[in-house]
Amino acid sequence: MSPGGLTTTSNLTFGLALVLYLAAAVASFHFLAFRRRGVLAAGRAVAFAGLAAHGVSVVTRGLAAGRVPWGNMYEYASVLGFLIVAAYLVVIERAWRTEEVRGFAIGTAVLAMAGATLIYVPPGPLVPALNSYWIQIHVVLAVLASSLFILATVFTVLYLVQDRRERRSAPVAVPAREPALVGAAGERPEDYAPADEETSALPAGRSSLPTSAALDRMAYRTIVFAFPIWTMAVIAGAIWAEQAWGRYWGWDPKEVWSFVTWVVFAAYLHARATVGWRGRRAAALALVGFGALVFNLVVVNTVIAGLHSYA
Amino acid sequence: MASTSESLYRSLVSVLRMLRSMRTALVLLLVVGAASVLGSLVPQAPTAPGAVADLFVTRPFLARVYRAVGLFDVYGSWWFTLTYVLLLISLASCLVPRTRALVRGLRPRPQPMRELDGMRHFAEAVVPEAPEAVLARSRTVLRRRRFRVAAAEPGLAAEKGGAREWGSLLFHWSLFLILMGAVYGKGFGLRGVATIVEGETWTEAHASYDLPPEEGRYFTEGMHTGVQLRLEDFDATYHSSGLPRDFVSRVEVIEARGRPAATTEVRVNHPLTVDGLKVFQQGYGWAPVIEVRHDGRLVAGGPAVFVTDAPNDQRRPWRGVIKLPSLDPQVGLAFRLLPDPLAGVAGAPMLEARNPFLLWRAWRGDLRLTSAQSVFRLDTTGLEPWLDGGLGLGETEELPGGIEITFRELREYTQLLVKRDPGTGLMLAAAILILVGLVPALASSRRRVWVRATGANGAGTRLQVGGFALQRRAAFEEEFDAIARELSKVER
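Keeping their order, the protein sequence lines are chains C and B. As numbered in the numbering used here, residues 1 to 311 make up the first sequence, in order. As numbered in the numbering used here, residues 1 to 492 make up the second sequence, in order.
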């Protein structure tokens with residue numbers, strides 16, 4: 001296929017994926033409202049079809065440009081959306097059986113892709129500074145960790161909503177804490193969950209969402225998985241910067257904000273082991289981390305001048 | 001005297017105790033994050049001096065306030081240093097006792113038995129064997145499951161998932177290693193920019209750099225290598241759209257240590273490593289060879305390095321000057337170079353040399369060379385405009401008074417960043433240790449199991465097993481059940 005044909009294919013499948021994701025998200029919300037299992041199953045099939053179309057879009061984009069398909073902001077946002085949906089559908093929903101949150105997860109990917117359409121550029125070559133095999137390591141790690149952080153943010157927001165709802169409806173239901181046998185110093189349970197561990201992730205009673213405890217645990221596990229990947233992305237970025245610009249760290253705005261993101265999520269992980277910071281305060285930290293992540297992606301690339309201004 | 005030093009000691013202890021709390025560390029961590037944000041919102045003098053200067057023009061009051069608070073150099077400011085040093089002290093005061101405990105726990109010691117039936121997981125059975133046999137078997141079973149087993153009369157205490165603590169300590173201590181690498185690399189480091197015109201040779205020495213190089217506090221003159229770099233050729237290539245494709249300097253390396261010369265390419269993303277130095281492609285420009293003769297005698301003839309005021313806008317001409325102080329009156333020549341005048345006239349970027357053209361203007365009077373001044377500009381206060389004109393490649397123009405200007409040749413020059421950073425190896429090692437520590441610190445979970453074996457009334461043993469997990473408690477349930485089943489199973 002000619003580069004023009006590939007570009008057209010990429011753009012058409014991108015649009016198709018967007019429509020299918022939207023349909024899948026609507027189906028998921030329909031399930032939340034009317035609890036019809038059939039709609040949920042159909043939504044899953046539609047979401048997978050969207051993922052397949054999106055995969056074709058990403059691959060043909062790379063073929064059209066003759067390089068990796070994550071060389072500018074449009075492509076980055078597209079891959080970000082792809083990974084959000086893929087990580088959710090293929091890993092999280094399969095492992096944790098959390099169909100109720102599917103609409104929110106896919107809806108976030110739709111937002112990322114809608115953002116991508118605003119900054120569309122035709123496929124083109126890379127500037128020399130980006131032309132390195134490190135683009136395959138650094139950017140892949142960064143976009144993967146970002147997609148997971150974004151999913152964790154979805155779970156965190158739902159946790160806060162559900163937590164509020166639960167505290168309103170059940171004022172006396174204080175779950176039992178870990179028994180007092182954690183005596184020796186430094187033996188605090190670090191994945192302390194505010195409610196009982198064994199609670200099912202499936203909706204309890206009237207609420208159609210997972211319990212706040214389950215959502216909190218989902219957010220935590222996702223961040224625990226994403227944090228080392230983000231760390232690797234920052235380290236890979238430093239090694240690349242050393243090779244391309246002659247210094248591994250120069251407090252370039254992109255570096256600053258990825259450091260801030262790292263610091264805030266590190267604080268989140270520590271907060272969960274700190275009395276008085278668990279639960280909603282830790283969740284607030286996760287949201288701040290998400291804010292730093294998005295700022296880095298949107299504002300640093302477009303508004304603040306720096307070595308990473310690729311918009 | 002004694003009481004003041006005692007109270008000083010006491011307040012020091014209380015400060016340290018406060019720093020040791022996780023809450024303080026958490027707040028300090030967030031403060032470091034917030035402080036570093038400031039440096040991305042306010043232009044920083046070390047990286048963007050132009051933007052700082054602009055702010056003094058556009059918003060002088062704000063700029064003065066920023067300067068007073070040190071916001072133009074956040075990452076070098078005393079208060080930023082203070083916050084992260086406090087954080088590191090806090091971290092160390094937490095890590096030291098944990099490390100000590102870990103080292104002490106390397107050899108399993110007898111532990112007190114605990115109350116088991118109140119534990120989250122508990123199982124009980126009566127088995128026909130004697131208590132000693134049950135314990136011996138339990139020890140084997142738990143060791144096979146890679147628990148660390150210690151005696152706890154009348155039974156055993158076992159623990160697994162120590163990698164979490166190991167990993168956590170390794171991760172956190174490696175952060176100190178990162179800082180050490182940065183400090184060491186800066187202290188013994190060197191960083192400077194070398195400009196080399198095609199065909200010329202540059203020798204690595206303090207005086208050879210464009211500006212005095214940044215040398216670390218412990219960098220000594222003897223650490224300059226004397227490496228010689230001869231630029232054979234510089235090549236900037238572009239895509240048809242005008243976007244840059246690559247910048248390549250072909251450099252002949254003549255090492256000071258007498259090693260044979262080698263020719264290599266320095267490109268963006270492909271630095272050259274030689275004698276502990278790393279050489280990076282950083283910039284480039286035009287260097288026309290302009291000969292000036294006075295009464296047939298050559299008074300200037302080398303390549304003149306030209307600069308541009310807008311590195312990202314190749315539609316602009318490049319500029320350079322030649323100063324002729326030996327003439328009377330003194331003469332200064334200011335040039336504008338159009339590498340590709342046809343493209344320039346059409347408003348397109350002049351990326352390659354096609355019929356290059358030099359515009360010149362001659363000034364007469366006093367060059368004022370006794371005061372410091374730029375080599376790229378004329379100080380026109382003591383000069384008056386005299387003549388002007390233009391020259392194609394190979395052309396000569398005659399000026400009154402026996403002066404001849406010839407545009408002999410158009411060469412390019414390269415700008416190379418030359419760097420020595422002996423800390424990078426340490427940094428890389430620290431980064432690897434950070435990852436090696438981080439993964440088990442987050443992924444593994446600690447769980448403990450106690451086994452209690454007492455003689456049952458009559459014959460056999462009353463076996464009690466209790467345990468809990470500090471992380472992933474739901475997953476531990478299955479593991480505990482399997483252990484309890486295995487322990488109460490009688491071997492034949």
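No lab work stands behind these hints, which were simulated from the structure alone. Among the hints, erroneous ones may be present.
What the hints assert, rightly or not - Partner residues are not named here, just some residues of chain C that face chain B (Cβ under 7 Å, in silico): (1) 2; (2) 52; (3) 56; (4) 253; (5) 264.
Claimed, not checked - Anything over 12 Å on all C-beta distances counts as not near chain B; from chain C, calculated: (6) 34; (7) 107; (8) 208; (9) 242; (10) 274.
Here the structure is a predicted model, which means the values were calculated and not measured. All residues carry an ideal CB built from backbone N, CA and C; glycine is no exception.
Output the numbers, in ascending order, of every earlier hint that fails for this structure. Failing hints, ascending: 1, 2, 3, 9 and 10.
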